Amino acid sequence: MSVLPNIQSLFGDVSASIDRFPTFRTVFERAATACAQECRAFSINLPQLTVANVETGTAAEVFAQHEGAIVTGVLNAGGWNTRLLISARRSAVFSIVEMMLGGDGSQPEYVGKRPFSKIETRIAVAFFERFFKALAASVASVAATQFTLESAANTVDFDPIGGRSAAVFAVKLNLDVLGRGGEILIAVPQPAIASMRRAFSRTSVKDASRPDLRWSQQIEREITSASVTLNAVLDERPMRLGEILHFRVGQLLELKATARTLVHLECDGERMVVCQFGKSNDVYTLRVDGFVDRQQEFMNDILSG
Numbered sequence: 006m007s008v009l010p011n012i013q014s015l016f017g018d019v020s021a022s023i024d025r026f027p028t029f030r031t032v033f034e035r036a037a038t039a040c041a042q043e044c045r046a047f048s049i050n051l052p053q054l055t056v057a058n059v060e061t062g063t064a065a066e067v068f069a070q071h072e073g074a075i076v077t078g079v080l081n082a083g084g085w086n087t088r089l090l091i092s093a094r095r096s097a098v099f100s101i102v103e104m105m106l107g108g109d110g111s112q113p114e115y116v117g118k119r120p121f122s123k124i125e126t127r128i129a130v131a132f133f134e135r136f137f138k139a140l141a142a143s144v145a146s147v148a149a150t151q152f153t154l155e156s157a158a159n160t161v162d163f164d165p166i167g168g169r170s171a172a173v174f175a176v177k178l179n180l181d182v183l184g185r186g187g188e189i190l191i192a193v194p195q196p197a198i199a200s201m202r203r204a205f206s207r208t209s210v211k212d213a214s215r216p217d218l219r220w221s222q223q224i225e226r227e228i229t230s231a232s233v234t235l236n237a238v239l240d241e242r243p244m245r246l247g248e249i250l251h252f253r254v255g256q257l258l259e260l261k262a263t264a265r266t267l268v269h270l271e272c273d274g275e276r277m278v279v280c281q282f283g284k285s286n287d288v289y290t291l292r293v294d295g296f297v298d299r300q301q302e303f304m305n306d307i308l309s310g
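In the numbering used here, the protein residues as written are 6 to 310.
Simulated from the structure, these hints should not be mistaken for lab results.
Predicted model, so just to flag it, every value in this text is computed and none were measured.
Don't take each hint at face value.
Between beta-carbon pairs, the in silico distance windows are [what the hints assert, rightly or not]:
| id | residue 1 | residue 2 | range |
| --- | --- | --- | --- |
| 1 | Gln223 | Gly283 | 20 to 26 Å |
| 2 | Leu51 | Val288 | 28 to 34 Å |
| 3 | Lys177 | Val116 | 33 to 39 Å |
| 4 | Asn179 | Thr229 | 40 to 46 Å |
With a Cα cut of at most 35 Å, we get these calculated DSBU-like pairs of lysine-lysine [stated by the list, open to error]:
| id | residue 1 | residue 2 |
| --- | --- | --- |
| 5 | Lys138 | Lys118 |
| 6 | Lys177 | Lys123 |
| 7 | Lys123 | Lys138 |
| 8 | Lys261 | Lys284 |
| 9 | Lys123 | Lys284 |
| 10 | Lys261 | Lys177 |
| 11 | Lys177 | Lys138 |
Here a beta-carbon is modelled for each residue, glycine too, at the ideal position from N, C-alpha and C.
All chains should be built: construct the whole structure from the sequences, respecting the hints.
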């Protein structure tokens, strides 16, 4: 006799089993809303990202329509002791690219059949990571976990989630932006949710209670008067470990920075503003030149990936 739990006994009738986990759909709906709000920094129109349906079936069944031109990703959910599989179809990928590159939708939607470029794939994967960051925040009060991207491809690999016959919950997302959109599919192995059935069987996810007004004001005063450490970074030079091991006392390291090089002002590793370096009354100074362009930094990460 097998000692492994029988999926049917854990979930009952497969066609109705998802109804036993109302919180499962709720956390994905909240993540979709949060992800769409965050993407407005790249899009002139607020994208609509909604949960169209949550289904059950085998991995092969739910991904039957995700063939040909797709972008997929495998994510490790350490807190759930499982892996998830996400896939975006052609129309969804091109919609993501148009949105995250700041398009206005004035150009006709691309309908060609060519393979995705490396940059298009990277942009789609970057969107996946943004969604799962929002999902991690959404499940924090239910069954906390972080989602780490392990691999990306243009074909579906069933092995990380248990093979083609693995029982999964399939979350179908609809993306609608700039008059175009498409389907994104996420597969979560059923045994992972079965092991957390108490958490996902709750009828609702409790929102944080509203804090006392006087307490909020006190916290605000403390935060605004708190001391923080700022680091000014003039230049960065990537080096190999072998080079670092051969450092000598008194050795000079050459930098590419010049007197006109802008300085990045950072706090806790996050770039905040760009400054001009100077000197006044024998004191080094930094004059704020502008705020960090998050969209440009995003593109730099994509192009250098």
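Quick rundown of the hints versus the structure:
1. Gln223 with Gly283: 20 to 26 Å: Violated: the Cβ-Cβ distance is about 39 Å, outside 20 to 26 Å.
2. Leu51 with Val288: 28 to 34 Å: violated, 46 Å
3. Lys177 with Val116: 33 to 39 Å: violated, 22 Å
4. Asn179 with Thr229: 40 to 46 Å: holds, 41 Å
5. Lys138 with Lys118: holds, 31 Å
6. Lys177 with Lys123: Since the Cα atoms of lysine 177 and lysine 123 sit roughly 25 Å apart, the hinted pair holds (cutoff 35 Å).
7. Lys123 with Lys138: With Cα atoms ~22 Å apart, lysine 123 and lysine 138 stay inside 35 Å; holds.
8. Lys261 with Lys284: holds, 20 Å
9. Lys123 with Lys284: This hinted pair is violated, its Cα atoms lying about 44 Å apart.
10. Lys261 with Lys177: Between lysine 261 and lysine 177 the Cα gap is close to 49 Å, so the pair fails against 35 Å, i.e. violated.
11. Lys177 with Lys138: Distance ~18 Å between lysine 177 and lysine 138 Cα, so the pair holds.
Checked against the numbered hints above, the structure violates hints 1, 2, 3, 9, 10; every other hint is satisfied.
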